[in-house]
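Protein chains in written order, with numbering that gives the first Met the number 0: chain L, 0 to 202; chain F, 0 to 195; chain U, 0 to 324.
Hints were generated in silico from the structure; no laboratory data involved.
Check the hints yourself; a few may be wrong.
As the list claims (entries may be wrong) - PhoX-like cross-link-like pairs, simulated, lysine-lysine; straight-line CA separation at most 25 Å: (1) F/Lys161 - L/Lys193; (2) L/Lys201 - F/Lys167; (3) L/Lys197 - F/Lys161; (4) F/Lys38 - F/Lys161; (5) F/Lys193 - F/Lys103; (6) L/Lys197 - L/Lys21; (7) F/Lys167 - L/Lys21; (8) L/Lys42 - F/Lys167; (9) L/Lys95 - L/Lys21; (10) L/Lys200 - F/Lys167; (11) L/Lys21 - F/Lys161; (12) F/Lys38 - L/Lys193; (13) F/Lys167 - L/Lys197; (14) F/Lys167 - F/Lys103; (15) L/Lys21 - L/Lys201; (16) L/Lys200 - L/Lys21.
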Amino acid sequence: MRNRRVLLRETGTIFLNGVLYKNPVLVGALGMFPVVFAGNDLKNAAELSLLYFFLSVPLSLFFCLVGEMVPAWMRPGLVLASSALFYLPAAWLTDKIEPGSIASLGMAASLMICNSMMLSRANEYAPTHIGWAVAADALGCSAGFMLVITLTVLVRSLLMTYADTQGAISVSMPFFGFLILGFFAAFVQWINEKRSQKSIKKR
Amino acid sequence: MTTFVQMLIAALLAVTAENILFNGGVGFSHVLRAARRPKTLGVYSLFVTLFSLLSSVGGLWISTQMASSVFRPVLFPSVVAFCAVLEYVLAAMVLKMLFLPFYKRYGQVLAPAAINTVVLSIPFAVNRFSLSLSSAAGYALGTGIAFYFAAGILAHAMPGLKNDAMPKAFRGLPAMLLYIGILSMAFAGLTGAKLF
Amino acid sequence: MTLLNAKTPYLKKETSVSSMMRDTLTALAFLLVLPVARYGARPLAMAAVTLVACVLCEIAWSLLQSRSINTSDCSSMVTGLIIVMLMPLNAPLWLPCAAAAFAILVAKKPFGSTGHTPFNPAAAGMAFITLLWPQRIFSYFNPSAGEVLPVFADCNVETAPSPAAVLKNGLKPDILPFDMLWGVFAGPVGATGILVLCACGLYLFLKRTANWEITAGCLFAGAVMAALWPRIACAPLTSIKYELMSGSLLFCAVFMLTDPVTSPRTGFGRVLYGLLAGVLIMLFRRYGAYEQGAWFAILLANAVVPQINSLVCGDRRWGEELYEE
């Protein structure tokens, strides 16, 4: 019973780390491309989040099972190959929920196969952790990705209302995404700084 | 001569107006990774260039084979990814067998250089700009050069982005992201529009 | 002997950051005289509103950081005035404020404020508003129409293409050289009075607030490119005259490129930097998306400064430092 509670608490911690405290986009600088390139409207954000979820969770769980059986040098290749394979049902599912989404997302959907956040979790984290942790991490990273891309879209949409026609195009360009990510990353870093100060005081 | 000129122009555009990194926002996770290890930056960029070259040629061929397929939007990225895996495995095996000391020293950057968004986005860029074979090769070379320049610039900027005068919240990655954003604005001044 | 690790700007003993900023403010104030004399109080109103915005941004940031408010080095005011000088007179008053807010809150404060900015804040602010409101930035009021500009209200005045826009279209500007010297043509507030600009530049060079090598390098590169690859069918000297006197090249070469924080440390490095910036400005003019791209070129040149310092000073510190991670 006590072990179960500890397991649940640690799983919760791993999930929260993925969402916020160790958000791979804002802390690890991973998987920024879909956010800066395609994070322009809420529809895109939802579709990309769905695609990421359908792709990353099975991929991470698969490599939790087989990761350690593969030589380290070959694992990145196998991760990408598996990602390419899992992309087919993931894209089909996403298109089923949101018809026409894969075609409209274009390159942003296609390059999800090699999303650095997803590949690094499957290659480095999943093989060396238990199933619960890997599942919590994949879910947390998915939620964290969704949070970041949604917030980016909201900020962009707000500024698009004030910019002129050409300016609205400029707001959707990658430079603006990086600027927004910079401030979000600073916010998360500030939160982590406060948490560490709090834990030092507690000791 | 025309082929060479086409390659040169495509390479120049890949570094400037059609810069996939700053104008497309592609692959900065790996640019930052390369910038953090300046001693392997040259080899990392060389690998990226080579794999981009293979990816551009392979992507052109796959694109022509799949031109009439209904499943192209979903199959094309998967096939391109499989080709990238093949290229990586072959390159790793060749280096291990023939150049083992080189592989021991630089093998750690082979996988990230082969498997990243920059390399896999080249076939899409080739399709988007309707490039011929020579232009595609030039574009891939230019992208490798752009990767080297970007990582070099960030490597030099990194020490200054952790100074004590900065607010703690901005030290390190947040300031680096703002730096990349401001530098991307300069490239946006060239094009005035989205790349893709 | 004690080794002191100083931070930029690297100054001789008799100067200080505050005195440099005051010299620059004085030069910028001189630039305001002609527009005010010709067009009324609107330039002053624009400058005042922007300066207030700069100070408010400084205060807001200090409050957010729970630090004491300190605007004594006047650097934010310099940034604000530079932005005003690059504005069209008929621009809405919120436009330079938006540029100033971006310059201070995004390009300056997060990097550690004065002495630590990797990019010229004014250039970053101008680049930002150019990308978001390009039509407002390059819409210049026609001085020959004789209209009176309201002091604070939005302007609905007749506009005219600037010489930079005419050159961008491959045509020769229809303007007398004398008019170009005194700034009687459509263009930014403080970038059109060429003679006054030259006098301000001379003042700054004599006071050693600005480094002449950078300005000279930039203008030399611009002149060479204008002579060898003219945008219009004319004699090389005519091309040089129009390219150097139109747009904001001269203003940027005097006030923005010479920012001691974002420019190289050595004389040779500064010459290289000036040459590079001049080439980039001319390339942006020819191939860029906008009629003026000087501030974009400055951002690119700023990014290359650490490499220039590394090349000239043989500074290899970046490799060892980073490899610790």
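Hint by hint, here is what the structure shows:
| no. | hint | verdict |
| --- | --- | --- |
| 1 | F/Lys161 - L/Lys193 | 19 Å, holds |
| 2 | L/Lys201 - F/Lys167 | 21 Å, holds |
| 3 | L/Lys197 - F/Lys161 | 23 Å, holds |
| 4 | F/Lys38 - F/Lys161 | 20 Å, holds |
| 5 | F/Lys193 - F/Lys103 | 41 Å, violated |
| 6 | L/Lys197 - L/Lys21 | 17 Å, holds |
| 7 | F/Lys167 - L/Lys21 | 17 Å, holds |
| 8 | L/Lys42 - F/Lys167 | 35 Å, violated |
| 9 | L/Lys95 - L/Lys21 | 32 Å, violated |
| 10 | L/Lys200 - F/Lys167 | 18 Å, holds |
| 11 | L/Lys21 - F/Lys161 | 20 Å, holds |
| 12 | F/Lys38 - L/Lys193 | 35 Å, violated |
| 13 | F/Lys167 - L/Lys197 | 16 Å, holds |
| 14 | F/Lys167 - F/Lys103 | 38 Å, violated |
| 15 | L/Lys21 - L/Lys201 | 22 Å, holds |
| 16 | L/Lys200 - L/Lys21 | 22 Å, holds |
The earlier numbered hints that this structure contradicts are 5, 8, 9, 12 and 14.
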